[in-house]
Each structure stands twice: as structure tokens, then as C-alpha cells.
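First to last, the sequence lines map onto chains A and B. Going by the UniProt record's numbering, the first sequence opens with residue 1, and the numbers climb by one from there. Going by the UniProt record's numbering, the second sequence opens with residue 1, and the numbers climb by one from there.
What the simulated footprint calls covered on chain A by chain B, stretch by stretch (three residues with Cβ under 8 Å from a Cβ of chain B suffice, anywhere in the stretch; the number is not a length): (1) 43-51; (2) 57-66; (3) 315-327.
Mimicking DSS-like on lysine-lysine, the simulated pairs with C-alpha atoms at most 27 Å apart in a straight line are: (4) K60(B) - K3(B); (5) K394(A) - K326(A); (6) K394(A) - K64(B); (7) K64(B) - K164(A); (8) K64(B) - K326(A); (9) K397(A) - K326(A).
The set of hints was computed from the structure by calculation and includes no laboratory data. Note that the structure is predicted; figures quoted are calculated from it, not measured. The beta-carbon is built from N, C-alpha and C at its ideal position, and this holds for glycine as well.
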Amino acid sequence: MAGIVIIGAGQAGASVAAKARVLGFSGQVTIIGDEPVAPYQRPPLSKGYLIGETNFERLLLRSPSFWSENGIDLKLGAPASAIDRFAKTVRCCDETVRYDQLVLATGSSPRRLPAQVGGQLGGVYTFRTVADANAMTAEFSPGRKLLIVGGGYIGLEAAALGAKLGLDVTLIEMAPRILQRVAAPATSDFFRALHAEHGVTILENIGLGRLIGEGRVSRALLSDGTELEVDFVIVGIGIAPRTQLASEAGLVIDNGVATDAFGRTSDPSIWAAGECASFRHGGSRIRLESVGHAIDHGELVARNIAGAAVRYKAQPWFWSDQYNAKLQIAGLNVGHDRFVVREGEGPSQSVWYYRGPQLLALDAMNDSRSYMVGKRIIETGQTILPEFVSDTSKDVKSLLSLATTITETFAA
Amino acid sequence: MIKITYVEHNGREHTVGVPQGGTLMEGARDNGIPGIEADCGGACSCATCHAYIDSAWIEKLPAKQPMEADMLDFAYEPDATRSRLTCQVRVTEALNGLVLHMPERQA
Ligand SMILES: Cc1cc2nc3c(=O)[nH]c(=O)nc-3n(C[C@H](O)[C@H](O)[C@H](O)COP(=O)(O)OP(=O)(O)OC[C@H]3O[C@@H](n4cnc5c(N)ncnc54)[C@H](O)[C@@H]3O)c2cc1C
Ligand code: FES
Chain A
1 MAGIVIIGAG
11 QAGASVAAKA
21 RVLGFSGQVT
31 IIGDEPVAPY
41 QRPPLSKGYL
51 IGETNFERLL
61 LRSPSFWSEN
71 GIDLKLGAPA
81 SAIDRFAKTV
91 RCCDETVRYD
101 QLVLATGSSP
111 RRLPAQVGGQ
121 LGGVYTFRTV
131 ADANAMTAEF
141 SPGRKLLIVG
151 GGYIGLEAAA
161 LGAKLGLDVT
171 LIEMAPRILQ
181 RVAAPATSDF
191 FRALHAEHGV
201 TILENIGLGR
211 LIGEGRVSRA
221 LLSDGTELEV
231 DFVIVGIGIA
241 PRTQLASEAG
251 LVIDNGVATD
261 AFGRTSDPSI
271 WAAGECASFR
281 HGGSRIRLES
291 VGHAIDHGEL
301 VARNIAGAAV
311 RYKAQPWFWS
321 DQYNAKLQIA
331 GLNVGHDRFV
341 VREGEGPSQS
351 VWYYRGPQLL
361 ALDAMNDSRS
371 YMVGKRIIET
381 GQTILPEFVS
391 DTSKDVKSLL
401 SLATTITETF
411 AA
Chain B
1 MIKITYVEHN
11 GREHTVGVPQ
21 GGTLMEGARD
31 NGIPGIEADC
41 GGACSCATCH
51 AYIDSAWIEK
61 LPAKQPMEAD
71 MLDFAYEPDA
81 TRSRLTCQVR
91 VTEALNGLVL
101 HMPERQA
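In isolation and in its complexed conformation, chain A is listed as follows (with noise of 0.2 Å):
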């Protein structure tokens, strides 16, 4: 019997494999990895543990022992290198591996800086797996000079942990603001203002023209002429989906691998789940970032490959840590028209997005509440009137039953 084979033993693969004997599939399970740890959590990487206020052994995802003891074969530190789909079979090394369920789980890459403008000189990270976190935690030490190329939330969390051990950092970003492509600017303003507080310079409207060192870099000229002498670099400038394999195996390609709603590729035996599958939402094809979408999709592929036939319906929501700063998302933002702030006590705000009357996302910074309210209302389907919103004399809980339903609803 050959089973179910994931490619790619990050979030969404574990999940699949995980659920997939919670609801009893007997049959063979195989993970196959190119990295060589067990599956393990990507968001403390950029938050405690690139500054050791965590161990690698409290990142994974499940204890040593779950794997084999849910007779889950992980085939750990070598790549899937093609796929096919007439025989039915996976390379891996040198081994054919069969498969009656396969799915792809392959997450992102980090998009590198072109070597035309530095980026194969030394000193220069991209931030995306444990390796690339233990690569850099040597360069983190008081005093030293870190460009962080690109303000989106992994830049400015590494920023955050650079400040915090009093490194001198300072960030680029080539779009008018931080955040620029995923918040309202008063989002933008909110972490533009914390990171001054702490020290860390945010230059915005500025671009990398290029880094220069003699094979480490040592130099980098920015696109207003500026030049900064720095000791190293962090590029954040986001992911790109790894679908090479499953566009050399001749599935459909469309912002990732195309998905139906139940997870299914162009090819009946073969799923996509997690940051690598795209999918409907809302008349366009999207891909979600974020922990909770690996989880949900990744369990809704196992659910269908055990014939549940159902249907995804994405629930984002998303969260990072800067200094002692919490920001929550919940929702997408995607094609809002207008915001609303709520003001809250002390150093704490969330900004809710609208498209016409309907609720379609929040930023909450340091206040979980209108988080959880926000999300509420969000994932029911409801709405709520901005004027409710931003009057801060109601009560934020009060909020959950003056939310209402639109009539003529927003396809989801």
C-alpha cells in the first residue's frame, strides 16, 4: 500500500500528516524534508530565538517521538526531486517512493538580492529557515552595523531584535512607507514611531542601489546616493511560492500552485496546502502567509483526501512581536476602501478596513481585545459601523452585539 506523501515537512505538512491520523487513515505516511530537522515553528526564529531566548528543541512542532509513534516516516535532509505523476512515484535521492495521495507542502523561498547588486557577497542573510537564523546569530553582537533591506513584518522584527541588543540598525524600504504593501498608513505610523523610539533608523522612499565589499560586504549605496558603511545585511524583500517541482511534473501554475477549493491540484491524486497552493478567495487567486492558513488548509486537504469534500474558507489572521509590542491580525485587508482607528489606553490602537459597509480586517497593536472582538465579527460574517468603531465610549465587547449581517453579501 503506498499511501500519503507530503513534499515538505514545514507547517502545512505536519498539519496534513498530523490530521490525517487523527481521522484514522491507516495507511503508509511519509514527510519528505530538505530540511534536516523535524518540522518546527518558523515565527519565534525572527522573534526570541535568533537572540537566544529560546532553544531549537521548544520550536518543534511536535515531541521526537510523535512521528514514529503515529507511524509518520519522515525522510529528512534531501529534497523531492521530481515527480511522476503516470507511475505514480516521487524521486527522492535515490530512492522511487510511491504514492496514491500526494501532496505538496513546499512553502516559500526568500527573494534574494541579485548578485549584480551584491547579493552573493558575505554578510548578506535571507531569513527563512533555522539554518539561516543559526548563520546569522554570530553577526548579532553590541555595536554592530545591520542594513535590513525592505520593511515588511520580518524586517522589522529582526530591526526589533537588533535594537534590542544594541546592534545599530538601519532599514530601508523603497515604497513610500513601511508596510506599505499589507497595512493603512496608520499602521505604518505605529511601527515607524516605536522603532524610532528604540533607536533604529527607518529610511523610507529609498532603495538599494547596490552593496559593495571585496567578498565581504562592507559598503551599501542607497538609491538617493547615500552611502553606509555596514557590517551586514538582512534582506526582507518577500517569498516567492517553491512550485518548480510541480510545474516541472506539468500541474497548473497561477500565483502558486493553482488549488480548487478542497485543495485539489490540476492533477486528481496530487493536493497543494500551505503557503505554496493558491486558491479563490473573492473573485482573484491568492496565496496566504501566515501560520493559521498552513494549519487550517493543511487539515483541510487531509480531511479531503479521506473524502470529506469540503470546501476552504480561509480565516486569516496573523501576528507579530516588536519590543514589548503585540500586533494581532485577523481578516484580509485585500481591496478595502476605507479605515477606521480606534484610539485605545496607552500605546495601543487597531485600525479596521472596510470595503462599503462590509468589516473586512483589523490591525490591533497592544490590544487583544478589539483583536478578538474584530475576529469575531469577521469570522461570523457580520459587520460593524465604523462610527461604533472608532467612539471609544462603548465598551469594545459592546461591539459584538451591535454587529450585523449584511444582506447582499460579500462573496467570500
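We have chain A already, so just place chain B with the ligands on it with the hints.
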């Protein structure tokens, strides 16, 4: 190792050893005990690691931080005194023998 007893909602008990300095959530995760999901892995960001601490042990626990209290308020059927987010409770010698009960479901 500190002895902790996790009681599933269906009454099934699991008594396991949890290392000092780990959390009650990690004890459940690392022993494959169902009922605690811990989607965020312990970041106090998801509230899917909620459990009820046996009344006899409440007093022995360190107080909740405001963020934990805020998240708990919106968990599934929280109890004002007995509910905790298990990822926020570190295991110490003083908790040897602690018993906790899983909720019917998370979130
Ligand atoms: C530094 C960092 C911080 C983050 N912080 C947060 C956060 O705070 N909150 C949040 O919600 N999300 C966060 N994320 C995102 C989250 O970790 C990802 O969305 C999630 O891990 C995606 O899961 P996945 O299984 O799809 O991909 P991954 O976890 O990346 O797993 C894919 C695995 O497949 C392997 N693989 C790929 N191709 C092959 C092949 N051919 N053969 C074998 N193996 C292969 C990869 O090496 C990898 O191990 C963070 C990510 C990073 C990198
Ligand atoms: S594990 Fe997410 S809040 Fe405890």
C-alpha cells in the same frame, strides 16, 4: 520533571512529567495530549491553548498578565477564576501534581 495531570473533556486522564521552565501547553504538545491546539505555538496570540486549572491549584499559579486576561475573556466558555492560557503558565516545583481540565473545544 514536574508531574502534571491533563484531563480531557471526555474524562480521560494523562499524567506526565513536564520539564521545569517549560509551559503547561508544551507539556500537552510534547506528550501528544489532545485538547490543546496551541496554533500560535505559545505566543499568546491565538487563545487555542485554553484550559481550566483545578480549583485546588489556582492559588499557586502566578497571576495573569493583562494580555492573557484579555485573550481569555474571548475564549470558549472562560471561567473567571479557573481559566488560563496554558502557554503562559511556566511549570515550577510549586506546581508538582497540578491537575487541569480541557474545555469542550478551543475558540
Ligand atoms: C522568520 C519568519 C517569521 C514568521 N512569523 C510569522 C508570524 O509571526 N505569524 C504567522 O502567522 N506566520 C509567520 N511566518 C510565516 C509562517 O511561518 C509560514 O506561513 C508557514 O511556515 C508556512 O507553512 P508551509 O508549510 O506552507 O511552509 P514551510 O513552513 O516553509 O514548509 C515548507 C517546507 O518544505 C520544504 N521543501 C520545499 N521544497 C521541497 C522539496 N522539493 N523537497 C523536500 N522539501 C521541500 C521547505 O524546505 C520547508 O521545510 C513567519 C515566517 C518566517 C520565515
Ligand atoms: S498557544 Fe496561542 S495563545 Fe497559547
